[in-house]
Every structure is written in structure tokens, then in C-alpha cells.
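Novice: Listed below, chain by chain, are the residues.
2 protein chains.
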Amino acid sequence: MWSWDFATAHDFRRGRRRSEFAERTIGSCRENRRWGRGNEDLRRFLVSFTDDPSPSLPFIFSFTHHFIYKNPNFPFSLLLQLFLCFEAPIGNGIILLGFEGSSRLLFRQLFEKESATYTYLLADLAHPEKPAVLVDPVDKTVDRDLSLIKDLGLKLIYAMNTHVHADHVTGTGLIKGKIPGVKSIISKASNSKADVFVEAGDKIYFGDLFLEVRSTPGHTVGCVTYVTGDGPDQPCPRMAFTGDALLIRGCGRTDFQGGSSHQLYKSVHSQIFTLPKDTLVYPAHDYRGFTVSTVGEEMLCNPRLTKDEESFKAIMENLNLPYPKMIDVAVPANMVCGLQDLIGRQTEPV
Amino acid sequence: MWSWDFATAHDFRRGRRRSEFAERTIGSCRENRRWGRGNEDLRRFLVSFTDDPSPSLPFIFSFTHHFIYKNPNFPFSLLLQLFLCFEAPIGNGIILLGFEGSSRLLFRQLFEKESATYTYLLADLAHPEKPAVLVDPVDKTVDRDLSLIKDLGLKLIYAMNTHVHADHVTGTGLIKGKIPGVKSIISKASNSKADVFVEAGDKIYFGDLFLEVRSTPGHTVGCVTYVTGDGPDQPCPRMAFTGDALLIRGCGRTDFQGGSSHQLYKSVHSQIFTLPKDTLVYPAHDYRGFTVSTVGEEMLCNPRLTKDEESFKAIMENLNLPYPKMIDVAVPANMVCGLQDLIGRQTEPV
Chain A
1 MWSWDFATAH DFRRGRRRSE FAERTIGSCR ENRRWGRGNE DLRRFLVSFT DDPSPSLPFI
61 FSFTHHFIYK NPNFPFSLLL QLFLCFEAPI GNGIILLGFE GSSRLLFRQL FEKESATYTY
121 LLADLAHPEK PAVLVDPVDK TVDRDLSLIK DLGLKLIYAM NTHVHADHVT GTGLIKGKIP
181 GVKSIISKAS NSKADVFVEA GDKIYFGDLF LEVRSTPGHT VGCVTYVTGD GPDQPCPRMA
241 FTGDALLIRG CGRTDFQGGS SHQLYKSVHS QIFTLPKDTL VYPAHDYRGF TVSTVGEEML
301 CNPRLTKDEE SFKAIMENLN LPYPKMIDVA VPANMVCGLQ DLIGRQTEPV
Chain B
1 MWSWDFATAH DFRRGRRRSE FAERTIGSCR ENRRWGRGNE DLRRFLVSFT DDPSPSLPFI
61 FSFTHHFIYK NPNFPFSLLL QLFLCFEAPI GNGIILLGFE GSSRLLFRQL FEKESATYTY
121 LLADLAHPEK PAVLVDPVDK TVDRDLSLIK DLGLKLIYAM NTHVHADHVT GTGLIKGKIP
181 GVKSIISKAS NSKADVFVEA GDKIYFGDLF LEVRSTPGHT VGCVTYVTGD GPDQPCPRMA
241 FTGDALLIRG CGRTDFQGGS SHQLYKSVHS QIFTLPKDTL VYPAHDYRGF TVSTVGEEML
301 CNPRLTKDEE SFKAIMENLN LPYPKMIDVA VPANMVCGLQ DLIGRQTEPV
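Top to bottom, those sequences are chains A and B.
Position 72 of the first sequence, counted from 1, bears residue number 72 in the UniProt record's numbering, the numbering being contiguous throughout.
Position 278 of the second sequence, counted from 1, bears residue number 278 in the UniProt record's numbering, the numbering being contiguous throughout.
In short, the hints are calculated from the structure, not lab data.
For clarity, every value in this text was computed on a predicted model and none was experimentally measured.
Honestly, I wouldn't trust all of these hints.
Because identical chains cannot be distinguished in the list, a pair is counted as satisfied if it fits within a single copy or across any two copies.
Claimed, not checked - Under the rule of at most 20 Å between Cα atoms (straight-line distance), these lysine to any residue pairs were calculated in the SDA-like manner:
| hint | residue 1 | residue 2 |
| --- | --- | --- |
| 1 | K150 | M299 |
| 2 | K178 | E129 |
| 3 | K140 | K188 |
| 4 | K130 | D278 |
| 5 | K140 | D151 |
| 6 | K113 | Y287 |
Please take these sequences and the hints and turn them into a complete structure.
Specialist: Structural data, given as C-alpha cells:
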């Protein structure tokens with residue numbers, strides 16, 4: 001991407017009038033709908049600039065610093081292209097490196113206290129439609145979540161689950177009933193109903209951002225971890241929505257729904273602990289009030305998963321946890337997106 | 001800061017050998033203890049670079065992009081200085097603009113479910129001592145908070161309250177007992193005990209980051225909002241720890257502890273709604289599972305504070321809330337940093 005930006009700007013700079021290039025770039029940005037806020041400020045600046053053959057470097061510094069600081073959502077690669085069309089700053093050396101990804105993401109963590117479940121809302125604010133996804137919505141908090149989505153002017157496109165939950169009923173089906181067009185997502189391995197089935201390596205796009213699917217079975221057979229994309233346009237640091245595979249200083253139980261401590265150990269070590277250490281870990285639950293951790297932190301401090309596999313298995317076999325009180329209601333319901341009463345109808349929404 | 005960076009580098013570039021400047025800058029960074037992670041990678045790169053009079057631009061691009069992406073905490077102004085000492089990239093135009101502030105902050109939101117209280121942990125990771133502050137710690141979760149601080153290798157320097165809480169006992173006194181050297185902070189207007197009293201305009205430094213104090217009375221007479229600093233070295237967007245002055249889609253009650261709906265309305269409108277709209281709002285409580293909002297969002301969607309003052313007052317006068325069950329225990333205790341049993345001893349810790 002950078003080399004393209006540079007080459008394009010470089011070519012234009014040689015062959016065309018600067019003002020023409022500036023206008024052309026602005027036009028092309030508008031067409032591509034990647035033009036963030038602050039465009040008018042920049043345009044005014046550029047137009048005044050175009051007629052000045054040798055703007056002073058301190059001025060450019062000061063403007064750019066101020067501009068980026070006040071417009072954190074502005075795509076830096078555009079700023080780069082636009083600056084590159086002016087010979088004076090080029091001669092004195094202006095190239096901007098930036099991170100579109102980190103500020104275009106809208107991110108909200110939401111808590112359902114009865115089952116201590118976290119629901120996550122992610123949206124691409126730089127996309128004109130502000131497409132959004134909900135990860136692990138809970139039936140009881142669907143109205144709260146949809147009201148927030150409305151307040152923020154987002155367009156929900158996917159309601160997705162990390163796995164078939166045993167402790168609460170998913171909000172997926174209810175959401176589909178309330179907002180037609182929303183598609184439900186779950187892993188193929190979960191053997192549940194959904195509009196879209198995903199497996200390891202799949203990418204789920206919302207606008208220009210995406211979540212990557214990693215297969216992390218062990219708590220259930222169909223558990224997946226959704227990880228924000230790797231790349232300069234994606235959020236940095238990365239964020240991993242680990243479901244019950246990895247909890248903060250803990251992990252999901254492995255004694256039902258096809259669980260396996262051997263498989264969970266392998267999943268976490270091969271699929272989560274191999275992510276960059278600063279990757280943010282956002283689990284499906286926390287019972288002690290933690291909201292987030294990092295891969296590096298769990299690799300050092302997780303009391304279960306820092307052990308060797310045999311010790312881990314021994315821990316998991318001796319947890320002596322009670323039978324989950326919601327499991328007989330939640331699991332059958334969650335196999336059909338939370339709408340147990342609709343089993344047999346075989347119609348939408350699933 | 002930018003002009004200094006540039007001028008210094010420019011002078012050195014003219015008068016000295018590039019390698020000398022590189023070494024000197026590295027040395028000065030070490031002395032100033034502002035040298036983040038990734039230094040060895042960069043050093044190796046620079047040393048190899050010094051002996052190459054004309055490194056290729058695509059290589060610099062590719063390296064820089066990769067380097068910054070993998071080392072988000074590295075102070076960009078240093079990278080700028082270091083690159084500036086090489087004539088080749090200068091000639092071809094390399095200047096890096098970056099944001100130290102956004103990645104040097106470690107931030108954690110912690111929840112205490114009984115009183116639905118949020119405690120906030122902030123630390124300056126770029127400072128060698130990783131100094132940290134806790135905002136609104138709760139007595140019941142002190143052990144959790146201190147264990148997290150230990151896991152993360154932080155040095156807690158301040159335990160601060162936004163106000164004298166009526167619904168839970170502060171953890172400040174307990175923390176001071178467990179970690180000698182930690183200082184308690186509260187507003188002067190609260191008439192409580194603490195090591196440090198703050199008022200509007202004060203800055204509370206932890207490393208090179210700071211919180212700015214804004215006076216936001218109305219829920220209690222001594223309520224303050226702590227806001228992260230305004231400046232290129234500080235987190236962007238800004239973050240406001242509003243206590244009970246502004247809650248997500250709500251606000252604190254105004255019927256006890258010197259509360260006043262007139263004053264609360266004025267506080268929120270003059271001290272919080274005047275912040276940039278993307279400022280993150282982190283309240284002391286949430287009862288519906290929201291974790292964060294923004295100033296812009298509350299200015300548009302807060303069902304109480306979007307009204308005119310008279311309507312707001314009418315709402316606040318007709319809330320008919322029950323007498324807070326913890327108030328008779330919590331308020332006297334919180335006047336002395338949570339250590340009611342120590343009243344009369346008049347000794348540390350307060």
C-alpha cells in the first residue's frame with residue numbers, strides 16, 4: 001500500500017500541476033468513500049497551499065501536527081498522497097506514516113451481569129454505512145445493545161457467537177427478528193443453525209475491517225476465537241475475542257459439550273499464544289471484574305495455561321464444578337440461535 | 001517539541017558524522033530514560049545503516065512501516081531524530097509524525113459488581129518505573145487490583161477518588177496500608193482526609209502522563225472529574241473519569257451530601273460537554289453493563305442532560321430514589337479514606 005501511494009503521488013508530481021493532482025486525489029477519495037472527517041479543513045489548507053510555491057517547513061509541521069491531532073480518524077495515507085504533490089515539502093522531506101486502523105474502529109464492551117457475559121460491538125466508522133457486528137449477544141440485553149447501535153448510527157450486519165453457550169441464551173435469533181437483514185454466524189464445527197458457517201482461516205468483513213476465524217476447540221467442539229486482522233489498515237494492537245477458550249487468568253471448563261482438556265491446551269497454545277504479545281484478550285466472561293488482558297499477560301500469569309499439559313489436564317479434571325444450571329435450556333436454544341420455541345418451524349429467523 | 005526535534009537533528013546533520021549523531025542521540029535517549037522497547041532492533045538497523053551512504057527508499061519505507069507496526073510503544077519523535085541524521089532519506093524526504101501518548105498509556109477498567117463501581121488503573125509504560133494511579137478503588141476489590149498491578153510490574157503512586165462515595169467504601173486506606181508510599185488524593189472541596197488535596201486546574205502526574213482536575217460539583221459538593229492531558233504526548237482521544245457527575249445515559253442523584261441539580265447541570269455543561277466530542281467518558285458506575293461512552297454521545301443521547309436546566313431540575317426532583325443503604329457506613333468511612341475504625345487515631349494511613 002505504501003509503495004503504491006508513493007509511486008502514484010510521485011508520478012503525478014512529475015507530470016501534472018500540483019493543484020490538478022490535489023483536486024484529482026480529493027475527487028478519487030470521495031468516489032472511494034474513504035474520505036473521513038476533517039476533509040474541508042484539509043481542502044482549504046491544500047487550496048491555499050497550492051498557490052504558494054514554497055510553504056515554510058515549520059508551518060507544515062505545525063499544521064500537520066495540529067491537523068492529525070484534531071482529526072485522528074483521517075486516513076493518513078491520503079494525507080501522505082496530498083502532501084506528496086507539493087514540491088516544496090517533498091524537497092524538504094515530508095512523508096507521513098500513520099495508522100488508519102486504530103481510529104476507524106468503534107469498539108464497545110458490554111456486560112450482562114447474571115451470566116457475567118461480555119458482548120462486543122465492533123464497527124467500521126470510516127465506512128459510510130458504519131457496518132457493525134455483535135459478538136456473543138445475550139437474549140436479556142438485546143434491547144440495550146440495539147438501542148446503543150441506533151444511538152451510534154451503526155448498521156448491524158452480523159450477530160455472531162464464539163460457541164454454543166451453556167450459561168445463557170444467545171440474542172442472535174431475537175436480533176434477527178428485530179432487524180431483518182442481520183445474518184447469524186457460528187462455526188461449522190458447532191453443528192448449530194446459522195446463516196453463515198465459518199471455519200479456521202475465514203475472514204468476516206465489516207466495512208474494510210475484518211475478523212479472522214481461529215479454531216479453538218476444547219471448551220466445546222465448535223469453539224472459535226475471532227481475531228482482528230493483521231495489517232496496517234486493521235486495529236493495532238490486535239484484539240482476540242476468545243470466547244471461553246481463554247479467560248482472564250483462567251479458561252472454560254472442559255467436562256461437557258464435547259470438551260477436552262487436551263484439545264483446549266493445544267488450541268490456546270497454538271492459536272492464541274502465538275499471536276503478538278500485545279494482542280488484547282477479550283473473553284466471553286469474567287467473574288471478578290476484569291475487562292481485558294493481553295496474550296503476553298496470560299502467557300505469564302494464567303494459573304492454568306502456564307503449566308505443562310499434564311498439570312493442566314490434572315487441574316481441569318479436579319475442578320469439581322456444579323452442573324451448569326442453565327445448560328438444559330441454553331444449549332438446545334443456542335443450537336438454533338436462541339429460538340428454541342421455533343424448533344420445528346424450520347423457517348427464518350434461525 | 002517538533003521544532004526542537006527538527007532543529008537539533010538538522011544542526012547535527014550538517015556538522016557531524018551521521019554515526020556520531022546516531023550514537024549521541026541513542027545515548028541521550030538512554031539518559032533521559034525515554035527509550036522504549038525495540039531499541040535493540042532499531043540500533044542494529046541504524047548501525048548497519050550508518051555505513052551505507054545511500055540506502056534505498058523502498059527499504060526505509062518497508063522497514064519503518066514494519067518497525068512501527070511491531071513496536072507501537074516506541075517513541076516516534078526518537079525515530080524521527082534518528083532518521084533525520086541520514087542524508088539519503090532526508091534528501092528523499094522522510095519525516096515521521098507519531099503519537100507517543102496513545103500507546104504509552106496502560107489502561108484497565110475494573111468492575112465491582114455489588115455496588116456496580118468501576119475502578120480505573122492508568123500507568124505510563126514508557127517510563128522506566130511504570131508509575132500508576134488507581135481511580136475510585138473499592139475496599140472489597142483491593143486485593144484483585146493490587147495483584148493486577150503486581151502482575152503488570154507497575155508502581156502504584158496514587159490512590160484517588162472522584163468524590164466521597166455513598167454506596168461503597170473506598171479502598172484508598174487499605175491500599176496505603178498494604179503499599180507504603182502510595183499517596184491518597186481527593187478534592188479539597190470534599191472536606192475529607194487525604195495526603196494530597198486537589199482543585200480545578202491541578203495536574204496529577206504519573207510518569208510523563210497526567211490527569212487534569214476539573215471541578216464538577218452537584219452530586220456532592222466535592223466532586224471532581226479527572227481528565228487525561230491535552231497535548232501530543234498524552235492519550236488521544238482524551239479520557240474523562242467523571243465519577244457520578246456524568247453517567248452513561250444518566251447522572252448521579254443530587255439529593256444528599258450537598259447535592260444540587262442546578263450545580264450538577266452547570267458542572268456537566270461547562271466542564272465535561274466542553275471537552276472534545278471524542279473524549280471517552282468513563283463513569284464511576286454503570287448499572288446496565290455499559291463500559292464507556294463519549295462526550296459527543298452523551299451530548300446527543302443523555303436523557304437528562306440534553307434537556308434544558310428547568311426540565312433537568314424537574315427530573316432530578318422527581319426521581320423518588322430510596323435512601324442509599326450504604327450511606328451511613330460509607331460516607332463517614334470515606335471521609336477518612338475508608339478507614340472509619342481508625343478515626344481518632346489521627347495517624348497514617350489516612
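Novice: Where does the structure disagree with the numbered hints, that is, which hint numbers, in rising order?
Specialist: 3
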